[in-house]
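2 protein chains.
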Amino acid sequence: MNNPEHAAADHAATAADVGAGADARPEAPAPTPQARIEDLEDRWRRAMAELDNLRKRHVVELGRAKAAERARVAAAWLPVLDNLELALAHADADPGSILQGVRSIRDQAVQMLATLGFPRDDETGVPFDPSRHEVVAVVDDEETEPNTVVRVVRPGYGESGHELRPAAVTVAGSRE
Amino acid sequence: MNNPEHAAADHAATAADVGAGADARPEAPAPTPQARIEDLEDRWRRAMAELDNLRKRHVVELGRAKAAERARVAAAWLPVLDNLELALAHADADPGSILQGVRSIRDQAVQMLATLGFPRDDETGVPFDPSRHEVVAVVDDEETEPNTVVRVVRPGYGESGHELRPAAVTVAGSRE
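Protein chains in written order, with the UniProt record's numbering: chain F, 1 to 176; chain C, 1 to 176.
Simulated from the structure, these hints should not be mistaken for laboratory data.
Below, in silico cross-link-like pairs of lysine-lysine (DSBU-like), each with a Cα-Cα straight-line distance of 30 Å or less:
{"id": "1", "chain 1": "C", "residue 1": "56", "chain 2": "F", "residue 2": "56"}
{"id": "2", "chain 1": "C", "residue 1": "56", "chain 2": "C", "residue 2": "66"}
{"id": "3", "chain 1": "C", "residue 1": "56", "chain 2": "F", "residue 2": "66"}
{"id": "4", "chain 1": "F", "residue 1": "56", "chain 2": "C", "residue 2": "66"}
{"id": "5", "chain 1": "F", "residue 1": "56", "chain 2": "F", "residue 2": "66"}
{"id": "6", "chain 1": "C", "residue 1": "66", "chain 2": "F", "residue 2": "66"}
These stretches of chain F come out as covered by chain C in the derived footprint (C-beta under 8 Å, 3 or more residues):
{"id": "7", "region": "31–41"}
{"id": "8", "region": "52–65"}
{"id": "9", "region": "83–94"}
{"id": "10", "region": "97–106"}
{"id": "11", "region": "156–168"}
Cβ atoms here follow ideal geometry from the backbone N, Cα and C, with glycine treated the same way.
Construct all of the structure, not just a fragment, from the sequences and the given hints.
And the structure:
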């Protein structure tokens, strides 16, 4: 091959380089057509092999990334579980302590979900929003603006576009 | 281009095809060297562009797969959190109910982790295994075989190679 710098720079090469072989440098003789064909066949073969490798590598990487994320999120919950067990252990000695313990654990779990990107949504008094609320009942409430969330039956988690689930709510009906 | 079947079959092409242009088919005239160079330049340019696209696409896919896995695992814990809140709500009416409720929730959380691929490890009486146990104390226990797990201080989760954390244990010391 009378154009060795092409092979050496193969990984950094871009499509813009494709015509470079035709620009005869002062110090290098112009390649013969046959040499140019061999050089291009070589580059094309390498690019196709690299495509094949890249596809295989990404399947492996995807599996690894998912497993790592699964472990990360599962591990984030272990302190919640540990504290549940501590609360149970303490309850034998002091039955009254468990209620306060469980409240703290609930708060810890809610905080954990927010840290993972899924903040709790349990606001009342806000206008009904179909993107974050699921209506389970419409109630008569003379003192409340129609279409306002009166009660959160089950809190939602997550933000618009990244929702784990919507908040299940009751809303005030329209006034007659 | 006097070799149009190459362009059409571009996506299915493999490196083994690279010499096919030289096998003159009865119905097609052999390409001139210049046509062969143009064809190869075109193929190489496409392969490089495809490589570039593939890299970009995989970065996006990786991010999406991680976000989906994060949401899936976080959502798996919502029933645990919901039940904690139910237990708290019932506790106001029946303070004695919370202990049994919290025990069930603990079991639910342990079951959830197992389903995600991280079974609980809290066995005693098994030989110490550095791949799953972390020794927090060595105790004298005349009735137990040396190097046996006597007590699990904090359970481990996960299996060999997919561990969230090892079990923290006390083991029986060697006999004098």
